[in-house]
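With the sequences and hints as input, model every part of the structure.
Protein chains in written order, with the working numbering: chain A, 2 to 312; chain B, 36 to 322.
Each hint should be verified, as a subset may be incorrect.
As the list claims (entries may be wrong) - Listed next, the stretches of chain A that the computed footprint assigns to chain B, with coverage defined by at least 3 CB atoms under 8 Å from CB atoms of chain B:
no.: 1; region: 31-40
no.: 2; region: 65-77
no.: 3; region: 268-278
No lab work stands behind these hints: they were computed from the structure.
We put the CB at the ideal spot given by N, CA and C, even for glycine.
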Amino acid sequence: MSTLDFSTKIASKRFSNPIFTASGCASSGQELSQFFQLSEIGAVVTKSIMTKARNGRITPRMAETPSGMLNSIGLQGPGIDVFLERDIPWLVENNAKVIVSIAGENVDEYGVLARRLRSVQGISAIEVNISCPNVENRGQVFACHPDTASAAIESVRRNIGGELPIIAKLSPDVTDIVEIARSVINAGVDGLALINTLLGMVIDLNTMQPKLGGKTGGLSGPAIRPVAVRAIYQVHQMFPNTPIVGMGGVSNGRDALELVLAGASAVSVGTATFGDPTAVIKIRDELQMLLLERGFNDFRDAIGFAHRASS
Amino acid sequence: MDEKLNQLKINKNAKQIKAEIISNKKVGPYHHMVFAVGDIALSVRPGNFVAISVGGENSASILRRAFAIYRAIDKGLLGGTVELVVAPHGSGSKWLCSLNVGDFVDLIGPLGTAFGIPTTPANTMLIGGGYGSAPLFALAELLKNRGCRVDMVLGASTASKIYAPLEGKRSVSSLTLSTDDGTAGVHGQITESIPRLIREFNTEVIYSCGPMSMLSSINKIAQDFDLVHQCSVEESMACGIGVCMTCVVPVRVEDEIKMLRTCIDGPVMDGAKIIWDKESAIEAITK
Ligand SMILES: Cc1cc2nc3c(=O)[nH]c(=O)nc-3n(C[C@H](O)[C@H](O)[C@H](O)COP(=O)(O)OP(=O)(O)OC[C@H]3O[C@@H](n4cnc5c(N)ncnc54)[C@H](O)[C@@H]3O)c2cc1C
Ligand SMILES: Cc1cc2nc3c(=O)[nH]c(=O)nc-3n(C[C@H](O)[C@H](O)[C@H](O)COP(=O)(O)O)c2cc1C
Ligand code: FES
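If you want it as structure tokens, here you go:
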């Protein structure tokens with residue numbers, strides 16, 4: 002059988018294969034290492050970290066929905082100090098490629114986090130989660146407006162200096178995701194991550210009240226995959242030179258290939274890991290088979306293939 | 036090492052396997068199910084649970100379901116078994132109950148913490164609500180072997196919902212039943228009998244498993260009597276392996292309140308450290 006070059010690139014960084022974990026769906030990586038070696042996958046994208054430790058929201062924090070789930074975690078995390086002291090060294094020691102996801106409550110917090118990360122060894126990229134409420138703007142989510150989205154990214158850009166690629170993670174809950182992509186590309190990102198969860202709600206018929214403690218929650222899982230494919234397709238069509246980390250409902254190799262054909266240079270797996278801790282490994286192997294079956298010998302030839310005029 | 040830097044890991048014995056169903060019997064409203072799990076059985080401690088995928092290959096239910104381990108038996112070369120008591124509740128547990136002998140499920144276990152055992156013999160009381168009695172029988176056996184007195188109190192809304200198999204009762208010094216409708220044992224809420232039984236048996240340690248509201252009431256009693264209270268809590272879990280952060284409860288850790296994952300730091304937790312009251316919990320985590 003022919004061989005496949007399965008490696009991929011996000012800006013200047015090379016990854017041995019294009020399957021990553023999704024932020025918030027692999028915690029800090031240690032838990033999954035009981036089931037496979039983290040060096041087996043392209044990269045571990047860590048749970049979005051903020052400057053201070055956070056307790057997050059009250060329970061219930063999840064509701065299963067048909068082929069999906071709602072979550073309302075509220076960015077619980079240990080804060081950047083403990084993260085840098087405990088989680089990063091452990092990941093590096095275990096030969097994982099690491100993409101650090103950061104989140105802020107205001108524009109300055111993004112900058113502060115970027116400054117803390119700029120000289121840390123062993124990080125391959127920074128993913129900027131801008132789907133968080135901006136406390137300085139009535140809790141409006143940064144990712145929902147081109148101005149606030151680019152302000153958060155500029156704050157990171159100014160503070161990161163040099164080497165580390167910046168990936169902006171966008172929300173699909175907008176009228177025109179291409180506009181938001183344009184604004185963050187103009188602000189200097191090296192890549193995009195598409196898509197974050199979609200806002201949803203479930204009402205409990207026993208209590209006749211919203212089921213989640215936080216009332217609303219983010220929808221993820223196979224139910225959102227067509228939205229992810231559409232968003233990736235639209236953005237790749239307009240900005241074919243900006244690498245995209247695609248995600249949203251990927252649970253097997255077929256799903257991953259669909260996102261790649263739409264324009265993803267790498268694929269993050271989130272909710273599927275909850276159902277199967279080794280999902281990332283299975284998806285990686287299935288994707289490799291599917292590419293070979295279709296005659297690809299370089300993964301990168303498949304990226305955005307759906308945009309080619311059919312002959 | 037600094038408490039904050041402790042590496043919190045999932046049960047180090049946890050494995051993901053395809054487990055064959057070797058028995059599935061209806062017992063009252065529950066199903067007693069036995070799974071062939073190989074050497075996983077060896078590392079099970081009372082209090083541990085398993086997480087099972089439900090619905091089959093193309094299921095729209097994408098999350099695992101958690102079930103307390105009722106009993107684990109290691110049969111040497113024949114391999115081990117794990118037994119569960121499953122209440123058909125919603126679509127996932129009903130699907131599980133509908134499976135036949137010879138069918139396989141995707142199972143991860145053993146997960147979570149186990150009940151702590153007193154270092155010297157003590158008078159213990161084990162309190163279970165509904166299927167919450169399941170993990171208490173293996174605990175009773177272990178406690179009895181360590182020389183503890185074991186008094187068991189089981190309650191449910193009605194008689195048929197009390198799960199108390201014959202084989203499970205041999206390790207207990209006394210068994211008290213209580214039902215909300217009076218169809219078996221004491222008529223009333225399980226918690227109403229507890230203070231009297233604590234005095235009668237000179238209870239020193241309480242173990243409990245059941246609905247959160249019951250655990251919360253038991254915790255108040257345990258505090259009134261100044262007793263150690265180990266409880267197995269039940270929060271909605273999406274993954275069971277510590278990666279989603281949905282299954283948390285607010286817990287006092289030193290002088291802070293932390294949202295701890297019940298699939299890793301639980302399900303068995305120190306009742307005295309949990310913030311049971313919803314209002315105080317909200318206040319504690321939003322301050
Ligand atoms: C540590 C632990 C031990 C448990 N032990 C047992 C046991 O020994 N026997 C038994 O019958 N049941 C047990 N449960 C409860 C069992 O997990 C739920 O009844 C089951 O998940 C319901 O799934 P469903 O698809 O039938 O119901 P649905 O209501 O359709 O489930 C929808 C979603 O909500 C979650 N969910 C619903 N009810 C519960 C619940 N009570 N606790 C946690 N998550 C819930 C499910 O996981 C699922 O993701 C335990 C739960 C936990 C957390
Ligand atoms: C429980 C949970 C927690 C999440 N936490 C984060 C987070 O901290 N930061 C972030 O950028 N995205 C977070 N996400 C979104 C995922 O990274 C991903 O974008 C989304 O779930 C879609 O992918 P999936 O369908 O494969 O899960 C979270 C998703 C879930 C389900
Ligand atoms: S159930 Fe996912 S972290 Fe506990």
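Results for each hint:
Counting residues of the region 31-40 of chain A whose C-beta sits closer than 8 Å to any C-beta of chain B gives 5, which meets the bar of three, so the coverage hint holds. Against chain B, the region 65-77 of chain A contributes 8 residues with a C-beta closer than 8 Å to a partner C-beta. That satisfies the three-residue criterion, and the hint holds. Coverage of the region 268-278 of chain A by chain B holds. Counting CB-CB distances below 8 Å, 7 residues qualify, and the rule asks for three or more.
Taken one by one, the earlier hints all hold for this structure without exception.
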